[in-house]
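Read top to bottom, the protein sequences are chains A and B. Position one of the first sequence corresponds to residue 1 (this note's numbering), numbered consecutively onward. Position one of the second sequence corresponds to residue 1001 (this note's numbering), numbered consecutively onward.
Possibly wrong hints are sitting among the right ones.
As the list claims (entries may be wrong) - In silico lysine to any residue, SDA-like type, Cα no more than 25 Å apart, as pairs:
| id | chain 1 | residue 1 | chain 2 | residue 2 |
| --- | --- | --- | --- | --- |
| 1 | B | Lys1104 | A | Val38 |
| 2 | B | Lys1049 | A | Val38 |
| 3 | B | Lys1049 | A | Leu95 |
| 4 | B | Lys1049 | A | Lys13 |
| 5 | B | Lys1049 | A | Gly28 |
| 6 | B | Lys1069 | A | Thr102 |
| 7 | B | Lys1069 | B | Ile1110 |
| 8 | A | Lys30 | A | Lys13 |
| 9 | A | Lys52 | A | Leu39 |
| 10 | A | Lys30 | A | Leu95 |
| 11 | B | Lys1058 | A | Gly100 |
| 12 | B | Lys1104 | A | Gly28 |
Claimed, not checked - Sample of chain A residues with no beta-carbon within 10 Å of chain B, all distances over it, derived:
| id | residue |
| --- | --- |
| 13 | Ala2 |
| 14 | Thr14 |
| 15 | Gly16 |
| 16 | Ile26 |
| 17 | Pro43 |
| 18 | Arg63 |
| 19 | Asn71 |
| 20 | Glu75 |
| 21 | Leu90 |
| 22 | Glu107 |
| 23 | Val113 |
Keep in mind that the hints were calculated from the coordinates and are not lab data. Each residue gets a CB set at the ideal place from its N, CA and C atoms; glycine is no exception.
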Amino acid sequence: DAGVTQSPTHLIKTRGQQVTLRCSPISGHKSVSWYQQVLGQGPQFIFQYYEKEERGRGNFPDRFSARQFPNYSSELNVNALLLGDSALYLCASSLLGAAGNTIYFGEGSWLTVV
Amino acid sequence: AQSVTQLGSHVSVSEGALVLLRCNYSSSVPPYLFWYVQYPNQGLQLLLKYTTGATLVKGINGFEAEFKKSETSFHLTKPSAHMSDAAEYFCAVSRLDDKIIFGKGTRLHILP
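Only chain A is shown next, with the shape it has when bound in the complex (with noise of 0.2 Å):
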């Protein structure tokens, strides 16, 4: 079966525009979460959905933003891009987003603000 898989792989972009990025979860699962990993430190949790529903959302600024579709794959999109949000952006899919749940990583968006 294929993992998570992330697109695109790397990608550059100017300062204010924006991007989108895509998520497929592993077949069956139903949670998919969006982590950003800044060069040097952990990962650091934007949003989980579950069943198409927000489930959580991390202290990240309203430019920030995403969905799941009925497929359960997802998008994260991110406006008016700063240098700061460069970074690995990693997506988790889970079987039923709850607690203890393993979590499967993708390979990631690597984003770069030029």
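Based on these hints, arrange chain B on the given structure of chain A.
Showing chain B alone in chain A's frame:
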């Protein structure tokens, strides 16, 4: 609020020596605890996790960790380091859902 503290941003051990990566957590209720590994330019891979039951948890690649509630610790160990263990290791905690709080990571260097 939950938090995770990893002691030592860089740890160096000789090949064949014991690996010990330290992690302390804070949580108002019994937590779920994880160790993830990240190889260069890759995503995160789960090494092991503690949910309930036996406090000594065995993971992949010969790693294990022990949950010590009295010390609020979840240190990661491996008896004999291998060159392929060189990577970034993250300790993490979750509580009510699968939102994970990660530590800042420890980069493990293996000396020949």
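When the hints from earlier in the document are held up against this structure, which numbers fail?
-> When the structure is compared with the hints, numbers 4, 7, 8, 9, 12, 17, 21, 22 turn out to be violated.
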